Amino acid sequence: MDSQSYLPVPPGVGMEENFLSLDDILLSHERLPSRTECLFPRLGYLEKTSDSQDIMEGTKMELPLWLAKGLYERKRRVVSVELPKVYREGWRTVFSADPTVVDLHKMGPYYYGLGSQMLHFDSPENPEIAQALLQTFIGRFRRTMDSSQNAYNEDTSALVDRLDCLERVLFRMGQSGLNSFQGWEKGRASHLTTSALVLNYRKRKMADLQA
Amino acid sequence: MSDALSDGGSDHDDSQEDVMTPVELIAKLEEAWLNEKFSPDLLENKSEIVECVMEQLTHMEANLQRVSKGDTKASVHRMEIDRIRFVLSSYLRSRLQKIEKFFPHVLEKEKSRADGDPSYLSPEEYAFAREYLANTETYLKAVALRHMPPNLQSVNMMKAVPEPCLDSFVFLRVKERQDNIMVEPETDDQREYVVDLEEGSQHLMRYRTIAPLVSTGAVQLI
Amino acid sequence: MDPSEVEFLAEKEVVKIIPNFSLDKIYLIGGDLGPFNPGLPVDVPVWLALNLKQRQKCRILPPEWMDVDKLEDVREMERKEESFTPPPSPYYMELTKLLLNHASDNIPKADEIRTLVKDIWDTRIAKLRLSADSFISQQEAHAKLDNLTLMEINTTRSFLLDSLNCMFKLRSNMQPGSGTGKALDY
Chain A
1 MDSQSYLPVP PGVGMEENFL SLDDILLSHE RLPSRTECLF PRLGYLEKTS
51 DSQDIMEGTK MELPLWLAKG LYERKRRVVS VELPKVYREG WRTVFSADPT
101 VVDLHKMGPY YYGLGSQMLH FDSPENPEIA QALLQTFIGR FRRTMDSSQN
151 AYNEDTSALV DRLDCLERVL FRMGQSGLNS FQGWEKGRAS HLTTSALVLN
201 YRKRKMADLQ A
Chain B
1001 MSDALSDGGS DHDDSQEDVM TPVELIAKLE EAWLNEKFSP DLLENKSEIV
1051 ECVMEQLTHM EANLQRVSKG DTKASVHRME IDRIRFVLSS YLRSRLQKIE
1101 KFFPHVLEKE KSRADGDPSY LSPEEYAFAR EYLANTETYL KAVALRHMPP
1151 NLQSVNMMKA VPEPCLDSFV FLRVKERQDN IMVEPETDDQ REYVVDLEEG
1201 SQHLMRYRTI APLVSTGAVQ LI
Chain C
2001 MDPSEVEFLA EKEVVKIIPN FSLDKIYLIG GDLGPFNPGL PVDVPVWLAL
2051 NLKQRQKCRI LPPEWMDVDK LEDVREMERK EESFTPPPSP YYMELTKLLL
2101 NHASDNIPKA DEIRTLVKDI WDTRIAKLRL SADSFISQQE AHAKLDNLTL
2151 MEINTTRSFL LDSLNCMFKL RSNMQPGSGT GKALDY
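Protein chains in written order, with the numbering used here: chain A, 1 to 211; chain B, 1001 to 1222; chain C, 2001 to 2186.
Since the hints were made in silico from the structure, they are not lab data. It should be emphasised that the depicted structure is a prediction, and the values quoted were computed from it without experimental measurement.
If you anchor each label on the Cβ, the simulated ranges turn out as follows: (1) A:185 to B:1027: 24 to 30 Å; (2) C:2125 to A:88: 39 to 45 Å; (3) A:29 to B:1160: 15 to 21 Å; (4) A:29 to B:1079: 51 to 57 Å; (5) C:2057 to B:1124: 38 to 44 Å; (6) A:187 to C:2056: 16 to 22 Å; (7) A:71 to B:1097: 36 to 42 Å; (8) B:1192 to C:2043: 45 to 51 Å; (9) C:2130 to A:127: 29 to 35 Å; (10) A:185 to C:2022: 36 to 42 Å; (11) B:1192 to A:88: 32 to 38 Å; (12) B:1068 to A:157: 54 to 60 Å; (13) C:2130 to B:1027: 31 to 37 Å; (14) A:155 to B:1096: 36 to 42 Å.
To list a few chain A residues with every Cβ distance to chain B over 10 Å, as calculated: (15) 47; (16) 63; (17) 94; (18) 106; (19) 123; (20) 142; (21) 156; (22) 182.
The calculated lysine-lysine pairs, modelled on DSSO-like cross-linking and capped at a C-alpha distance of 27 Å, are: (23) C:2012 to B:1046; (24) A:69 to B:1159; (25) B:1028 to C:2012; (26) B:1037 to A:186; (27) C:2012 to B:1037; (28) A:186 to C:2109; (29) C:2127 to B:1037; (30) A:186 to C:2127.
Here a beta-carbon is modelled for each residue, glycine too, at the ideal position from N, C-alpha and C.
Only chain A is shown next, with the shape it has when bound in the complex (with noise of 0.2 Å):
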């Protein structure tokens, strides 16, 4: 049975944060190189590079995307953005000349998610943006599906170590379909086995008696 004693909150796609899932937490502190387009009063100690008291106009930091994505406002410049390279033209010629053959997980490893989220911030480029995100989705999908309808029982490391964290997501969704419909034909599906929530509920009672 794939019933699970928890469910865990999935990664919203595109614009979307989900609130609560660990992948858009992590994605939310995915760094991006940015420049302060005003002075920041008494912050300079966050800053280690210069003994200012301030933070100067025009300095060059990283800021994590929910930083800068809080700071960001489109009528009052506080901060800008600097594109990652990855979405920039250069990358994204490659991406439409053959999308599978770049190591998305070495260049993301969030790249479609932190690809929507730069979407947030106004750039003359984000339709192009919008657009190679989908391409390379659409250009990896069977690549994606094909490896994992075929890693049955396998070191299947190989196989994911190109993908990106959505993919990898879509990767495993692929293989439990064809582990559970294999398990199925081999008979395995026919043998009770304890749900975790129980397992886990016993040990701690144990653990309760020996405290």
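Using the hints provided, position chains B and C relative to the given structure of chain A.
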């Protein structure tokens, strides 16, 4: 062989105005089970079906009490009861799972329901959803929120918990022919078009397009 | 859905058995069964047939399609046609497994049947993957899947549906303003 078993469940509905036969009832339960399993959204509750099935089961079990253990007929009845119970609990469980997943939205929908409209939740499910919300809030408060600065001590559950995605694709089988179902385009260079859903045919399309047909029973999710 | 739940649905299919006992009609909640007379074929659901078989109370007659010649034709057709041909039974995979595992002595040429069904399955699953890929790459909004069986759909369901959802979200990125309304700011 005891006569208790020979009259079965078929004469048992006479007292009710409901004209559904037990055979139809079980078919309805299985239909509701699969629809609930595959729909991305919580469907309206089928308390009536659940109650009728429970009644059938209790009635049958009471009859079986009077029969000796080794009786072949009784063992067949017991197997059938087990099968029906499985569907029933799997159905209720998949509803609970969705309530846990979407609890703020489920409760909001219930709150904004017009007076005459039927509730999406059974009374028990409603109680469960409210308790689940309260427990989640208490938990978040205890482990994190109370340590936060005063202006950050609340979480907007409606925003924090993702909504059901009605744009999910579903597989379905058509039970009653439907003409002119509008299929919205996926890309800018496609146009919207209509399809006819013939009886017995199977399709893959967006849940949003056919959601009303699921609740009328014209299509079955598979 | 778990494959065992699909199997559960397959167990409602009706097969013919030849009982070696006699029993009057059974009035089940889900319909009447019997009467049972020794040597006379009678229709029962698979779950009951298998139970009676395990208790050595009957012989199961294989369904008509579970026949080497017929299945060879099906395999031929399936390999020749580009689209899905009508399956031998909507539960051909599940029934093959159930009947061959529990009643192989009642089914002539059981091993050959097992291989044939597996061949048919593999051909169909390969087609399913091809159509999934083209559905995604063409960004289709609707597909007709008439001859697919529940077990076939089920092996790829969560993968395909989740992929389609991802694609939908990535595509809604391109409509300016559509995602921003939902964006959360904490």
